[in-house]
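In order, the protein sequences belong to chains S and X. Heads up: the first sequence at position 552 corresponds to 552 in the working numbering, and the numbers run straight through without jumps. Heads up: the second sequence at position 442 corresponds to 1442 in the working numbering, and the numbers run straight through without jumps.
Be a bit skeptical, because a hint or two may be false.
Stated by the list, open to error - Short derived list, chain X residues pointing at chain S, Cβ under 8 angstroms:
1. LEU1122
2. ARG1215
3. LEU1222
4. ALA1253
5. TYR1316
6. ASP1438
As the list claims (entries may be wrong) - Stretch-level coverage of chain S by chain X, calculated; a stretch enters the list once three of its residues show a Cβ under 8 angstroms from a Cβ in chain X:
7. 165–172
8. 691–699
To be verified - Pairwise CB distance ranges, derived in the manner of DEER restraints:
9. SER1272(X) with ARG313(S): 43 to 53 angstroms
10. ALA1136(X) with LEU147(S): 22 to 32 angstroms
11. ALA288(S) with ALA1136(X): 21 to 31 angstroms
12. ASN382(S) with GLN1270(X): 46 to 56 angstroms
13. LEU138(S) with LEU1137(X): 42 to 52 angstroms
14. ARG1350(X) with ARG634(S): 19 to 29 angstroms
15. PRO261(S) with GLN1193(X): 41 to 51 angstroms
16. GLN1193(X) with ILE438(S): 22 to 32 angstroms
17. LEU1373(X) with ALA56(S): 47 to 57 angstroms
18. PRO15(S) with ARG1440(X): 22 to 32 angstroms
19. PRO1260(X) with GLU173(S): 38 to 48 angstroms
To be clear, the hints were calculated from the coordinates, so they are not data collected in a lab. All C-beta atoms in this analysis are idealised placements derived from N, C-alpha and C, irrespective of residue type, glycine included.
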Amino acid sequence: MNLCFLLLLGAVPPPVDFDTDVLPVLTKAGCNAGACHGAAAGRGGFKLSLFGGDPAADQRAIARELEGRRVNLAHPERSLLLLKPTWQLDHEGGERFTADGSEAAVLLQWIRVGARRTGDKHLIRLEVTPAQTAFDRLPANYGLSALAQFSDGTQRDVSHQATYTPADPAATEVDPRGGVKVQRPGRHSIVVRFLTETIAVQVTAAYPQPSLAADKLPRNNWIDDEINATLTALRLPLSPQADEAALLRRVTLDLSGRLPPPERILAYLADRRSPQEKFAAEVERLLASPEFTEQWTYKLAEWLRIQPGPNDREGTEAYYAWVRKQVEGRRPLNELVAELITADGDSHLLGPPNFHRSAGDARGEAEHVAETLLAVRLRCANCHNHPLDRWTQDDYHGLAAIFARLDRGREVKLKSSGEVAHPATGDAAIPRIPGAAILDPQADGRPRLAAWLTSTDNPYFARAWVNRLWDSLLGRGLVHPVDDLRDTNPASHPALLERLTQDFVAASFDLRHTLRQIALSAAYQRSAATQAGNLHDDRFYSHALPRQLSQEVLLRAVCTATGVAEHALPLSFAPPTGMVSDRPRQLPFDPLAVAVCAGQPGQARDALAQPPNDLAAQLHWLNGPVVNAKLNDRASALAELSKSNAPAQQLIETYYLRTLSRLPTASEQQFWQRELAGGDWAQKCQDFAWSLLSCREFVTNH
Amino acid sequence: MTEFPNPKSSIPNRPSRRDFVRIGGLTALGLSLSNLLVQRAAAAPTAKAKRAILIWLDGGPSHLETFDVKPDAPREVRGPLVPVATNVPGIQVSECLPLLAQRMQHASIIRSMTSPLGEHNLGTHYLMTGYPPTPALEYPAIGSVVAHLDRAERTLPRHIAVPNFGVGGRRYGGNGYLPEETRPFAVGGDPAQPGFKVRDLDYYPGLAGGWIDRRREYLQRLDEFSRSVEQAASGGTPTRGAGAPVPATFEQAYRLITSPAAKGAFDLSQESATTRGRYGPRTIGQSALLARRLVEADVPFVTINYPGWDTHDNLYTRLKEGYTGAKVPVGLVPALDLALSALLDDLADRGLLAETLVMVMGEFGRTPKLNTLGGRDHWPRVFSVLLAGGGVPGGQVIGSSDATGESPKDRPVTPADLAASIYTLLGIDPQQLLHTADGRPVHVSRDGRVVKELVG
């Protein structure tokens, strides 16, 4: 310590820059974190900006407030800025660093030379290496190195000043100097922060299993390239291609939201073309079907959060009908969205103006736009710059300002005035395209926003939507969760996401195009059956992830399997989520189906792939009306068949085709024939039908 | 702070890490330090609590209008409510809790709860599980851990939510990485409605005898068949007659439907009008009564979800008066007061309070300053929770907040500390290891220091 002081006193004072030398010390020590002085109201009367987002304010708080006690220019070593974090004075946060270490030396030196801020040097780029790395065996150790480039042309190794946060601390441990210890197989990310920049790096560690023969992995199109490379790096064995009936069921459910009809299954199985040829033809047929329009209108409505408001049925119906027309007419998604953003007019007559009524006010609409169209969580930036992303408070309130003049009554229109107050200044926020451009407050900013958002080089929009499409067909987004796109939540397969995005843009934002590409990949067509080495894989696509049918798809599947329409659903039916409307006529997308939560859990693998089911859903399925009323219905195709003179073999085959979309195996036939014989035929048939509608094979898309 | 010690000479005198433990300082971010500090809290083999009721105030209750009133703070901080004295000298609570005030001998209030998470989903996860959320793993709620570790043979579900588990924005299912049968069973409906019944417990009309056993057997067969079909597809050898287990939730449903005694536990009509009246006519009251019936039937953990505490505006109306024109025009806090005090009395009368832990909490507190809408926004840095029964010493306040209810003044308690304490009270070792589906070992509770004042 003494030596340290002497050295500092004796030498020509090296320049210490507040923004790039002092702030990193405070960030690394946690001083400006949300739980400490970085909180909106500060802590113990001392407030810093969150993670040093506002250096000017921080320097003021440190050097000017409290009459020179935080920094004592006359006696620098008596500054609270030093005494508190080194715990020479009582400090609620305890000792953040030692009094004789390099951190304290930086602070002391900064005070000695006047505790000033020039503000003329800032970080322009952070590079962390290796950005990607892989290991063959565990545990493995390696070092991360962080290089900062500053606006004055200098660069510096900041590996010791950066902070490291592993996404999964049980899988990777990182010491304060960037040394990484990898402890679990898989692909893990670590978020590295230095000043305003945050970067995620990834490490891939193989499972302790035999290597894969990389040249023998199935490849149908470019989608399979990175998937296969990743499986090879991880040594995760692949499940083989699913059998034909399973694949037909899967793709029919995915693209049309329905089970394949029995005659379609039989025709498909009898088709003599090569498996890939007839599958591709089936994909085309489904993409062109009216059922595709129904299903994907519903999905778009879900993503756009179209919900029947309590008193706004006309608007919701107009909105939904409009979306359907766009899907039917193959409207490019960017055009569809641009029309929503710029829409004005009578929301009961026109669909698009309802977009602006999805949120109650301008800030709500900013969040709505960010979340539904960009899959970005902008909310954090309401109160402070987003700690894990690029969004600032200016972005949040600037985006809100674009919508500030909107009248969200039945007639959506631009008012002559309206503003959003920026909480930091209290003044009206300046309309702003997040991270991109400042707009003229006098003009309607929506056309420019729409143009930016849906342009072919917007980095967020297309990526968000292809990730949703991928998630819909594969059961897990490349970025997971799908509503949280940010640099610090990297994709499991970054190159694939990039390629899908470019391909979607090149195909004029055509949903059908991207869905086709995904469906034709080998990754999509794998069996759901697991192999010894890939049982627990839930993110690398080594086998198909069984997905629980969404509630409306499940309900429709029960209806088509039994041949009984949904009118049997009692109106008093109160779902656990309380979202169901009990209006007599349901909108086509009413969350009515939310009511029907099927339950068929059991296997550990399902628990990984699916939101788990619960007992209430199971009780309802077993003992409630949704299934039972249909089985009891005179019109039930299943009941009808049991009352006919059809031979048992035919009945069993038909039941299987209508529910599991496949033919029974010989041993299944044999079992059921024996079981159904010998009295109580009708009741046994009904229980057989119930079991078919309840088993795991039925309630999942697998 | 008038003295400025010389840095050099002060070094030997600065507090040691041991002192740090003693004064119980807060290290929200000092992870390496806190690892050293985690005290291995061996579960008391003599734990008094056998079961628990969690009253979850969903949305984040204002500490300043419930358990931590600040009558001396400026008007914009102290808000519209005044304190009342309780039957324990020196302890005051909100004027809206007069009945609880007469029962403080049963309760401990922690006024120095602190968390960094001021968003509903995140805060809910932290308070409900004792773990701050991470993208890598969803943790189980305390009630689901209790259900998971419970070894007793039971017909009723081990973790029941009344009326539902729609907590923290409904994204959180409760069981985390534990199997789905530990997920709370939501009874559904509104216990305050006349004719309230738990759905689907009575036999569906027209279903004849023997059907349920047959369905059970058939279901088992089909799952077994589809597995062998899958195995054949992937080149494996189909196994026969391996006896596929029926899904655990089916088994639970089966047992519930076939047991009249179990169904009876949900039947509020078996309670007298007087008893029902004591709990109050609101959903929270009748939910508390149902929870009492369930713990009486030895259900280990009941979560009562009481929504509506996200009071960004009209605090006074929402918390005290209730909306005019509402069926029962009374605010959230008086309704809680009635339900909670009836529950404590009822449990005590039946000799159940000593072994039933009652907890009242939400995901965070509310901002010290009233906002322009007459409400308070999210505030996790300091808030209060209440615990009673189950061996918790009553009549005490643990920790305190500062003059404006902005920060903990002393004895900060994190949600991890609280979870470790609750587990200890329930006889579960916080250090015990659980396992995720893919075999990863996880402690029941981590980084938590047991709050000594709670465990007696």
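Taking the Cβ atom of ARG1350(X) and the Cβ atom of ARG634(S), is their distance within the range 19 to 29 angstroms? With a Cβ separation near 51 angstroms, ARG1350(X) and ARG634(S) fall outside 19 to 29 angstroms, so the hint is violated.
Proposed interface contact between ARG1215(X) and chain S, which counts if any beta carbon pair is under 8 angstroms: Since chain S brings a Cβ to about 5 angstroms from ARG1215(X), closer than 8 angstroms, the hint holds.
Under the criterion of a CB-CB separation shorter than 8 angstroms, is LEU1122(X) in contact with chain S as hinted? violated, 11 angstroms
Could you tell me whether the CB distance from PRO261(S) to GLN1193(X) stays inside 41 to 51 angstroms? At 43 angstroms between Cβs, range holds.
Quick check: does the Cβ-Cβ distance between ASN382(S) and GLN1270(X) fall within 46 to 56 angstroms? At 50 angstroms between Cβs, range holds.
Status of the given 38 to 48 angstroms range, CB of GLU173(S) versus CB of PRO1260(X): violated, 54 angstroms
Quick one: are GLN1193(X) and ILE438(S) within 22 to 32 angstroms, going by C-beta? violated, 55 angstroms
Counting residues of the segment 165–172 of chain S whose CB is closer than 8 angstroms to a CB in chain X, do you get three or more? Holds: 5 residues of the segment 165–172 of chain S have a Cβ under 8 angstroms from chain X.
Outcome for the supplied range 21 to 31 angstroms, where the beta carbon pair is ALA288(S) and ALA1136(X): Given a distance of about 42 angstroms, which is not inside 21 to 31 angstroms, the answer is violated.
With a cut-off of 8 angstroms, does the beta carbon of LEU1222(X) approach a beta carbon of chain S closely enough for the hint to hold? holds, 4 angstroms
Given the hint of 43 to 53 angstroms, is the C-beta distance from SER1272(X) to ARG313(S) inside that range or not? For SER1272(X) and ARG313(S) the Cβ distance comes to about 44 angstroms; the hint holds.
Can the suggested window of 47 to 57 angstroms be confirmed for the beta-carbon pair LEU1373(X) and ALA56(S)? violated, 31 angstroms
In the structure shown, a violation is registered for the earlier hints numbered 1, 5, 11, 13, 14, 16, 17, 18, 19, in ascending order.
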